[in-house]
Amino acid sequence: AQSVTQPDIHITVSEGASLELRCNYSYGATPYLFWYVQSPGQGLQLLLKYFSGDTLVQGIKGFEAEFKRSQSSFNLRKPSVHWSDAAEYFCAVGAGTGFQKLVFGTGTRLLVSP
Amino acid sequence: KAGVTQTPRYLIKTRGQQVTLSCSPISGHRSVSWYQQTPGQGLQFLFEYFSETQRNKGNFPGRFSGRQFSNSRSEMNVSTLELGDSALYLCASSLMGSNNEQFFGPGTRLTVL
Numbered sequence: 001a002q003s004v005t006q007p008d009i010h011i012t013v014s015e016g017a018s019l020e021l022r023c024n025y026s027y028g029a030t031p032y033l034f035w036y037v038q039s040p041g042q043g044l045q046l047l048l049k050y051f052s053g054d055t056l057v058q059g060i061k062g063f064e065a066e067f068k069r070s071q072s073s074f075n076l077r078k079p080s081v082h083w084s085d086a087a088e089y090f091c092a093v094g095a096g097t098g099f100q101k102l103v104f105g106t107g108t109r110l111l112v113s114p
Numbered sequence: 115k116a117g118v119t120q121t122p123r124y125l126i127k128t129r130g131q132q133v134t135l136s137c138s139p140i141s142g143h144r145s146v147s148w149y150q151q152t153p154g155q156g157l158q159f160l161f162e163y164f165s166e167t168q169r170n171k172g173n174f175p176g177r178f179s180g181r182q183f184s185n186s187r188s189e190m191n192v193s194t195l196e197l198g199d200s201a202l203y204l205c206a207s208s209l210m211g212s213n214n215e216q217f218f219g220p221g222t223r224l225t226v227l
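Just so you know, the protein sequences line up as chains A and B, in that order.
FYI, in this note's numbering the residues of the first sequence are 1 to 114.
FYI, in this note's numbering the residues of the second sequence are 115 to 227.
If you're looking for bench data, these hints aren't it; they were derived computationally from the structure.
In this text the structure is predicted, and so the values were computed from the model without any measurement.
All C-beta atoms in this analysis are idealised placements derived from N, C-alpha and C, irrespective of residue type, glycine included.
Wrong hints could be hidden among the right ones.
If the Cβ cut is set under 7 Å, some of the chain B residues that face chain A in the computed set are [claimed, not checked]:
id: 1; residue: F159
id: 2; residue: L204
id: 3; residue: E215
Working from the sequences, and respecting the hints, build out all of it.
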């Protein structure tokens, strides 16, 4: 069965520092991978996605992610974190018919310190 | 273009009652998916509808059901509510329902007393 692991429940980063959020997936074929962000009381906003092609994917708000098949990973990165980036981040893999069944990781809560 | 809208935003029910939640997808989107988000279980897929047909289904009991109308709007229903059904219910839509990213609504916060 498909699964996604986000090993870090909480991460605290100083404003201006770089960020890397880890994501490992389990999927039998080429995965469709996503990163979403959720602010308190809000729905999910798509940051970026990987379907195929270039393994380094650029997203919104200055985020990028790198797909590494050999490590079954899809880590999210940002070179300089802003206080407004504090939120919960979810990695997901698309499964089922049309890859519309998203299987989510447990999320990583990002705290940004001044 | 308007985003995914969900109504109502907040709902309080008592055990044993039933509830219906509504989702209007982005204009032109034909696939609608539903997710349940709880602190204990995280984000879990409920079901997906495409062109009025349930195409994908998660591992939820039969008390959870849904449907999609010809205008792509969708409803989900939970019968015989239990305390554990308290959650944020998120709806998402995608354009063609295949290899497309999903866009999420703000959710309906259901509290069961």
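Checked hints:
1. Look at B/F159: its Cβ gets to within about 5 Å of chain A, closer than 7 Å, so that hint holds up.
2. Checking B/L204 against chain A: minimum C-beta separation of about 6 Å stays under 7 Å; hint holds.
3. The interface hint given for B/E215 holds, since its Cβ lies 5 Å from the closest Cβ of chain A, which is under the 7 Å cut-off.
The structure shown violates none of the earlier numbered hints.
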